[in-house]
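Asker: In terms of the working numbering, the sequence shown opens at residue -5 and continues consecutively.
Bear in mind the hints are in silico, worked out from the structure with no lab data behind them. Don't take each hint at face value.
To be verified - Okay, derived cross-link-like pairs now, SDA-like style, lysine to any residue, Cα gap no bigger than 20 Å in a straight line:
| no. | residue 1 | residue 2 |
| --- | --- | --- |
| 1 | Lys213 | Gly181 |
| 2 | Lys213 | Val176 |
| 3 | Lys184 | Lys64 |
Stated by the list, open to error - Taking CB as the label site, the calculated pair distances span:
| no. | residue 1 | residue 2 | range |
| --- | --- | --- | --- |
| 4 | Gly173 | Arg78 | 26 to 32 Å |
| 5 | Ala72 | Pro275 | 15 to 21 Å |
| 6 | Pro198 | Arg78 | 40 to 46 Å |
Quantities reported herein were computed from a predicted structural model and do not represent experimental measurements. For each residue, glycine too, the CB sits at the ideal point set by N, CA and C.
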Amino acid sequence: MSCRSCPRACESRSSGFCGVGNRVLVARIAPHFWEEPVISGTRGAGTVFFSGCNMRCVFCQNREISAGLKGKAVDAAALERHIRAMLAQGVHNVEFVTPSHYALFLADFLETHRYEVPVVWNSSGYDSTAVLEQLRGKVQVFLPDFKYADAALARRYGAAPDYVQTAREALEKMYALVGDTVIGDDGLLKKGVIIRHLMLPGQPENTLAVIDAVHDFAKGKKVLFSLMSQYTPCGDLARFPELQRTISESELESAWSYAAMLGLEGFCQDLASADTKYIPPFSDSLSDAAK
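Build the full structure now, drawing on both the sequences and the hints.
Answerer: Next comes the structure, spelled out in C-alpha cells:
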C-alpha cells in the first residue's frame, strides 16, 4: 500500500524512504529548553522527537535517530500516556519534532487527543500541503525550517531536488491554517508561524536567497524568522569538505544584517549554540529519555 504522509509518496511504507516501515518510532519525550524564547519559555517546550526522516541531510545532527532509527515503537495510547506525563511537568506546549513522515498518523492522533497548550509542528518544511490540511484546527504553531533556496543544494545535501518548491507551498499552507502570530501576555507563542533557517558554512548565497524568499512570503503577514547558527559538523562529511567547519561570525553578522535591513522580525541564534552539548540525548527507552 502506498504512503502519502509526505511529499515522497513512496509506493510502500514498509520500504519507504524514511525507513520506519509501519512503526511509529519515538526517541525522546521530554522538556526542551533550547528553542526560540517564545517556544521554550521558562519551563521548556514539550518535545516529542520522532525517529526517521523524509530527508537525508548529510550534516544532520540527529543522525542516530533520523537515519539510525534509534527509538521505541509506540502506539497512540502509549504516545498519549507519555505526553500527559510530560505535560504534568509544566511544559508550555506539545512540540512534534521531525513529524512529517508520520503526518497521517498524527492527524488522526490529534483528532482524538486535544491539549490545553499549543501543539507545535517542528518540521524540515518538506511537507505535503494535502496532508497539512488535515492538521487544520489541530496544530496551532508551525515551526518549519526553510533549508534551501537552491535546488542543486537541496539535491546534494538533502536528497530532495523538489525541496524548494515543496517548502514554499508548505509555508503558504501553514500560514493559511493558523494565520498571523499571536504572542500572549506571558511572552509565549499561542499560534502562528516561525520560519527557521539553519545556515550552512560557505553557502552565503543560499542563506541570502532564503531570506529573500521569506521576505517575499511575509509581505502582508505577521510571521517570525529565526536565523540559526548552531551548525556543528557531524557524521561522515569526507565528501563535503565545505561543511567541515562551523559558521563564522562574519557570515552570521552579514546574514542577520540583511534580514534586519529587509525588516524581518524574529530571532538570531548565538554562535555559542554550535556545540554538540546542545544535541539532546536519545534513547531506545522513553522512560530513560524523559529523565
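Asker: Now look at each hint and say whether the structure bears it out.
Answerer: We went through each hint and held it up to the structure:
Note on Lys213 and Gly181: the hinted pairing is violated, with a Cα-Cα distance of about 24 Å set against a maximum of 20 Å. Proximity of Lys213 to Val176 is assessed by CA-CA distance (about 17 Å); at most 20 Å being required, the pair is judged to hold. Distance restraint check for Lys184 and Lys64: the Cα-Cα separation of roughly 32 Å exceeds the 20 Å cut-off, and the hinted pair is therefore not satisfied. At roughly 28 Å, the beta carbons of Gly173 and Arg78 sit within the given window of 26 to 32 Å.
Checking the proposed 15 to 21 Å range against Ala72 and Pro275 shows it holds: the Cβ atoms sit about 20 Å from each other. Separated by about 45 Å at the C-beta atoms, Pro198 and Arg78 satisfy the suggested range of 40 to 46 Å.
Hint compliance for this structure: hints 1 and 3 are not met, and every other hint is.
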